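Number of protein chains: 2
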Amino acid sequence: MSAPPRQLHLNVNILHSGFIPSAWRLPDADPLAFIDAAHYVKAAQIAEAAKFDAVFLADNASIIEQIDFRPITALEPTVLLAAVAAATTRIGVIGTASTSYNEPYNIARRFATLDHVSGGRAGWNIVTTADAGSARNFGLDATPDHAGRYARADEFTEVVKALWNSWDDDAVVGDKQSGRFIDEAKVKPIAHRGKYFRVQGPLNLPRTPQGQPVLVQAGGSGDGRELAARHAEAVFSAAHTQEESLAYSRAINERAAALGRGPHAVKILPGLATIIGATEAEALRRRDELIDMIPWSYSLKRLAGTLGIPVERLHLDQPLPSDLALPAGGNGNHTFFHATLSLVQGRRHTVRDLIRALCGGGGHRVLVGTPEQIADEIEAWFKAGAADGFNLMPDAFPSGLQDFTDGVVPILQRRGLFRREYEGRTLREHFGLARPGADNGDRVRAA
Amino acid sequence: MSAPPRQLHLNVNILHSGFIPSAWRLPDADPLAFIDAAHYVKAAQIAEAAKFDAVFLADNASIIEQIDFRPITALEPTVLLAAVAAATTRIGVIGTASTSYNEPYNIARRFATLDHVSGGRAGWNIVTTADAGSARNFGLDATPDHAGRYARADEFTEVVKALWNSWDDDAVVGDKQSGRFIDEAKVKPIAHRGKYFRVQGPLNLPRTPQGQPVLVQAGGSGDGRELAARHAEAVFSAAHTQEESLAYSRAINERAAALGRGPHAVKILPGLATIIGATEAEALRRRDELIDMIPWSYSLKRLAGTLGIPVERLHLDQPLPSDLALPAGGNGNHTFFHATLSLVQGRRHTVRDLIRALCGGGGHRVLVGTPEQIADEIEAWFKAGAADGFNLMPDAFPSGLQDFTDGVVPILQRRGLFRREYEGRTLREHFGLARPGADNGDRVRAA
Numbered sequence: 001m002s003a004p005p006r007q008l009h010l011n012v013n014i015l016h017s018g019f020i021p022s023a024w025r026l027p028d029a030d031p032l033a034f035i036d037a038a039h040y041v042k043a044a045q046i047a048e049a050a051k052f053d054a055v056f057l058a059d060n061a062s063i064i065e066q067i068d069f070r071p072i073t074a075l076e077p078t079v080l081l082a083a084v085a086a087a088t089t090r091i092g093v094i095g096t097a098s099t100s101y102n103e104p105y106n107i108a109r110r111f112a113t114l115d116h117v118s119g120g121r122a123g124w125n126i127v128t129t130a131d132a133g134s135a136r137n138f139g140l141d142a143t144p145d146h147a148g149r150y151a152r153a154d155e156f157t158e159v160v161k162a163l164w165n166s167w168d169d170d171a172v173v174g175d176k177q178s179g180r181f182i183d184e185a186k187v188k189p190i191a192h193r194g195k196y197f198r199v200q201g202p203l204n205l206p207r208t209p210q211g212q213p214v215l216v217q218a219g220g221s222g223d224g225r226e227l228a229a230r231h232a233e234a235v236f237s238a239a240h241t242q243e244e245s246l247a248y249s250r251a252i253n254e255r256a257a258a259l260g261r262g263p264h265a266v267k268i269l270p271g272l273a274t275i276i277g278a279t280e281a282e283a284l285r286r287r288d289e290l291i292d293m294i295p296w297s298y299s300l301k302r303l304a305g306t307l308g309i310p311v312e313r314l315h316l317d318q319p320l321p322s323d324l325a326l327p328a329g330g331n332g333n334h335t336f337f338h339a340t341l342s343l344v345q346g347r348r349h350t351v352r353d354l355i356r357a358l359c360g361g362g363g364h365r366v367l368v369g370t371p372e373q374i375a376d377e378i379e380a381w382f383k384a385g386a387a388d389g390f391n392l393m394p395d396a397f398p399s400g401l402q403d404f405t406d407g408v409v410p411i412l413q414r415r416g417l418f419r420r421e422y423e424g425r426t427l428r429e430h431f432g433l434a435r436p437g438a439d440n441g442d443r444v445r446a447a
Numbered sequence: 001m002s003a004p005p006r007q008l009h010l011n012v013n014i015l016h017s018g019f020i021p022s023a024w025r026l027p028d029a030d031p032l033a034f035i036d037a038a039h040y041v042k043a044a045q046i047a048e049a050a051k052f053d054a055v056f057l058a059d060n061a062s063i064i065e066q067i068d069f070r071p072i073t074a075l076e077p078t079v080l081l082a083a084v085a086a087a088t089t090r091i092g093v094i095g096t097a098s099t100s101y102n103e104p105y106n107i108a109r110r111f112a113t114l115d116h117v118s119g120g121r122a123g124w125n126i127v128t129t130a131d132a133g134s135a136r137n138f139g140l141d142a143t144p145d146h147a148g149r150y151a152r153a154d155e156f157t158e159v160v161k162a163l164w165n166s167w168d169d170d171a172v173v174g175d176k177q178s179g180r181f182i183d184e185a186k187v188k189p190i191a192h193r194g195k196y197f198r199v200q201g202p203l204n205l206p207r208t209p210q211g212q213p214v215l216v217q218a219g220g221s222g223d224g225r226e227l228a229a230r231h232a233e234a235v236f237s238a239a240h241t242q243e244e245s246l247a248y249s250r251a252i253n254e255r256a257a258a259l260g261r262g263p264h265a266v267k268i269l270p271g272l273a274t275i276i277g278a279t280e281a282e283a284l285r286r287r288d289e290l291i292d293m294i295p296w297s298y299s300l301k302r303l304a305g306t307l308g309i310p311v312e313r314l315h316l317d318q319p320l321p322s323d324l325a326l327p328a329g330g331n332g333n334h335t336f337f338h339a340t341l342s343l344v345q346g347r348r349h350t351v352r353d354l355i356r357a358l359c360g361g362g363g364h365r366v367l368v369g370t371p372e373q374i375a376d377e378i379e380a381w382f383k384a385g386a387a388d389g390f391n392l393m394p395d396a397f398p399s400g401l402q403d404f405t406d407g408v409v410p411i412l413q414r415r416g417l418f419r420r421e422y423e424g425r426t427l428r429e430h431f432g433l434a435r436p437g438a439d440n441g442d443r444v445r446a447a
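Line by line, the protein sequences are chains A and B. Per the UniProt record's numbering, the first sequence starts with residue 1, numbered consecutively. Per the UniProt record's numbering, the second sequence starts with residue 1, numbered consecutively.
Treat the hints as calculated values from the structure; they're not laboratory data. Just so we're clear, the structure is a prediction, and the values are computed from it rather than from any experiment. Careful, some of the hints might be misleading.
Coverage of chain A stretches by chain B, computed from C-beta distances (three or more under 8 angstroms per stretch; other residues unrestricted) [stated by the list, open to error]:
| hint | segment |
| --- | --- |
| 1 | 50-63 |
| 2 | 82-93 |
| 3 | 203-209 |
In this text, a Cβ means the ideal position worked out from N, Cα and C, and glycines have one as well.
So that you can see chain A by itself, here it is in the shape it has in the complex (with noise of 0.2 angstroms):
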């Protein structure tokens, strides 16, 4: 008998309106969608009748958007996410949330919870905060340095992980007759002493449905990707080709190796916006209609903050500056900048074409055209290992959503990549992880 066959993996992004700024503004869009628990619920049952692995939140601890020109990342996305399992039964949770502006104490418990709740369909998006405006609502006047940032980061995560599996499988008892609840000596501190936390737990919480809740990051610079390897099960990531996703995932997937984690144990969940029409020209048209409501002046500051630079050395009908680079140990966003930059590698592009290429998005990756176009390069990067999967973006919600999964999902099925019906209950299991053990060596980090 033959394995079965690598399958792929779906996650939806659920943003506020939309990939495209301006989603907001078609005629069917509710601009207030952004603060409507409705909205996510709503793209959350689209994602599971489609049988996708999991919906994804994103998160800022600051207003870092243009907000004059469009919605912001707003709702808190554990809370968020505890309303989109109760409407769901069988998809994944994931939520973003940082660890420069947490204690891991807090975060072990609401995803701890979040696992509980949701019958074992948890993750967590691993992120650190680099922007100024983050750092003063958090008693700071500036951003901690790149690697300071990534340095706690790790630890953070270790904490994490450790009060996660303070509690071994079986602790709690509950015997009625002999009135024994709890078995004390199955639930045990973790004496944490690092450079950044020092945590004693245990938690004050049981042992999850998965185990752990699934550990989801997106490291694009070198620091990143060692907290990547170290501790992510998957990896949304950016990037516009083929070869720049493949050297990374065997780059992640190597190092991963190297600190004992087993073949491929990271999956690369590469971000992938869509605009989707009946023809090619259909969705030219809806690509064209939705970039037309961006302000310039909004896509020029964007890519401005992407690239680092004062929007003043932007000209619409130029080339990007040539000398671009990201500050040595600044907090530049590494995976946009590199994966922008790759998009006009080697060609003449003006300003005005990378915004038109980008459709005024923050660098992740655009596919314009068809059902069967888009299922075509998503095959073609799932079958050269380029990608395990990916996190989708629609162009609009819910309606791009809603033409994924009614156009290209059952063409992804027939071809045998995608799944016809959920195997697993947890996320883990529609992910294909292992569900970790308390004692794997997390536990205690230094006495």
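Chain B: place on chain A using the hints.
Below, chain B alone, put in the same frame as chain A:
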């Protein structure tokens, strides 16, 4: 026309298994209810069917219970309450979060999110955290002193309110035609510079349906009462006699009035545990059965903790030691210390009598009797002005709550004391509280 009669308010404190520590041992109890969202959802649905004002969830940041004998407060309230809100439509959802081991920006966001997700039903129960175990989970060797904890709580709450007020009600424009999304002039920094916090703001989340989530507190100490008078809209108090509760209500409300908050600005909702039977004898039998399942060693340790003395000083068949006093400036639980002492005042109680009177519980008043008897007590306190309502703690879930809603609520309704239908949609409307405007003077504290 006369003013509409004053209406009673009822919250239910959804406990892991019930007020009585042995509730999990009842034949129909599920020992795993404490980590099962369905347990909390079911209780909320029972309470909503009976038109309760709100459900209430306590919280801790360490294991403070004797886990060998009983379930613990485990699931994090804001996440759990989002799931509860998703399964209900009208009832308020009040969650506890500590000012000691959180950041105000994060708490402002989580409760604002809960208010959005629940459609205006969120409340925040403001607590400080006194136990040494919690301190050790957040990098400290010992708990900060009482006055310092309350000074931090006061500033923390001011920052949270200012963040909630940092968006005007009409800041979101969402005009598809012009492309204008948010009016930036209506979203303002708070520029808070205080002793404990520096927070620039604004919040990255629009103003919530209630303007602000409802502020709840439980202030027993002098500092706690001051915090309640300054910020609380409802207080979850502890009192065993009408006189105590009336004096407490007058003191808090006089202080609130002196602070410019208007007459009777703070609703007083004493904790009330109930054990209900069709006859008094049946209720007493249920009580005795439950008490007989609590190990005396457990209750002695718990009482010693409440009183702040070594357990060796307590002897079941002797009176309490006569020299009890909370250590000056200490971190004892003022509310339960005084409530417990008031129970024995002027009477010859043995420690065993006292533990039976407390039902092995934590210091709150316990009523044992028929629905009629319990309704009589509720009416008496309410009419005397000793309570605006109660925070109920049924002996066991869901049976004890169902006994209350089936038995006591119809009597209260017949007597015109409690609503038969919800009139409002938000928790503020249930409680009869005004919606705070954005310009209530809390925005900027100091430049």
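Status of the hints after comparison with the structure:
As drawn, the segment 50-63 of chain A meets chain B at 4 residues by the rule of a beta-carbon pair under 8 angstroms; at three or more, the given contact holds. Restraint check on the segment 82-93 of chain A versus chain B: 5 residues with Cβ-Cβ distances below 8 angstroms, three needed, restraint holds. Beta-carbon proximity to chain B at under 8 angstroms applies to 3 residues in the segment 203-209 of chain A; the threshold of 3 is reached and the given coverage holds.
Hint compliance for this structure: every hint is met.
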